[in-house]
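One letter stands for each residue in the lines below.
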Amino acid sequence: MTYADWIRLASRSFPRRWRNERGQELFETTIDLAPAEARRPSVRVLVDLMISGMSERRRTRPPLWRWLYYSLGGKLPLQWHPWMRDDLTGRWFWFRDSLRRTWPVAFLFGAMKVAFAVIARKTTPGTSMAPFLLAYFSFTCLFSGFTYRRNRRRIWEQHGYAEDGTWARPAPRWSWPSQPRVLPPSFPIGPNLRFFGFVLVAASGCWFYGAAYPHESFRVFGLTAYHDPNAPMGREAIAILAAVAALSVLVVGPLLARRVGRRPLRDRPPLGTAAGRNRRNLQLGVLALAILVTAPAMTGVLPSMATAAIGAACLIVGGCFLVIAALVRHAPLTWDDLIRSRKDPTGCATGG
Amino acid sequence: MATRKTSASFWVLAALLEGPAHGYAIAKRSADLSDDGPPMGPGTLYGTLERLHAEGSIEPCGDEVVDGRNRRIYRITEHGRSIVIEENAQRLASARRVHRLIGTTA
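Protein chains in written order, with this note's numbering: chain F, 1 to 352; chain C, 353 to 458.
Errors might be hidden in some of the hints.
To be verified - Calculated lysine to aspartate or glutamate pairs in the EDC-like style (CA-CA distance at most 20 Å, straight line):
| # | chain 1 | residue 1 | chain 2 | residue 2 |
| --- | --- | --- | --- | --- |
| 1 | C | Lys380 | C | Glu370 |
| 2 | C | Lys380 | F | Glu37 |
| 3 | C | Lys380 | C | Asp415 |
| 4 | C | Lys380 | C | Glu416 |
| 5 | C | Lys380 | F | Glu163 |
| 6 | F | Lys75 | F | Glu157 |
| 7 | C | Lys380 | C | Glu402 |
| 8 | F | Lys75 | F | Glu163 |
| 9 | C | Lys380 | C | Glu438 |
| 10 | C | Lys380 | F | Glu25 |
| 11 | F | Lys75 | F | Asp86 |
| 12 | C | Lys380 | F | Asp32 |
If you are wondering where the hints come from, they were derived from the structure by calculation, not from laboratory data. Since the model is a prediction, treat every value here as computed from it, not as a measurement.
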């Protein structure tokens, strides 16, 4: 590597937007300050560049609590929009998006484990949730290949930008259409169908696992299990029940979608609105409730038959939600239209 | 009492007292003023420039092409001037105290 290559490599510690603006000047100044016969920069220069770059990154990133709020779908103030732009346009956005989806689950499971340990007054030195969290993180990484573009678009819109990152100012009120708008009846939980579907299908997996392996599920969480030693339902029967539930989704799901399809789904409300924040809070609440309700399945508290039945019910309901979300057409209206129409039912908007 | 400035910040502000300059010239001037061994590293220099700009102690005043290279020119603000004057006074006071100790203990 040449002197310049080393400098360029060390300069990558600076934020990308900073490198785009000042990177060439930094590079040229470093070359000018170098000794005449130096073939490689000294360790002092390289460490100096890396430490300064990391300091610049730390100085221009939002504080921890802002980042936590942002990772949960919150909005960042204008002063951190350059950092957000780097985050959204970076090469590893899909990976960071997966991390943001994993840490709330890890926090919830950690809190639940601590709560159980305090309530049961037992410690679990040999158990670990690391395999489950690793599997969950791998799943989100795999799934983010399909969702990270939509998430990026959502964050752009939430902060007032277009999909290409340019500022998208809202149209002035005087330009709204003057003809009256008639809203068709819409499906009320349309925006949440996909989310609820995934949560229920994941919960059904936990219930089936708890029904088939009550002893091993006890070892996973290290809790004292109350299980039925004479389990009336064998693992083959549980597998058949799961397959029947999955097949019934393929039959019932399209029928329900055909019925719902006559009523258009609402477009997803942006998180900057009250409806958007309510949707996010509802989703977080349902996720926490699903985790708390599913936890008993992993302890083998219920008999295998009841556990498998609950798993089948979750799979059917969640699977139907996913099929409906996939097949039903979305309304041509956006939330802006709905909000404007609610404020001006006649459609004749007046200035100011 | 104002927050004490780092050594790099002080010498960068002191270098700009002579007049506006770009990064390379600031590094040379500060090395001459401080009379230390090696000059300020480029990472420290540009990190300090960014920090002082964020604080309002210096401000960019245009770009200039020097030897075919585009350089950003910085100048010190009144706020920066007051900071370097105060910092210099504190350093002089500290040096006098140490000098008195040396005189009494010699």
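Hint compliance check: list the failing hint numbers for this structure, sorted ascending.
Violated hints (numbers, rising): 5, 9; every other hint is consistent with the structure.
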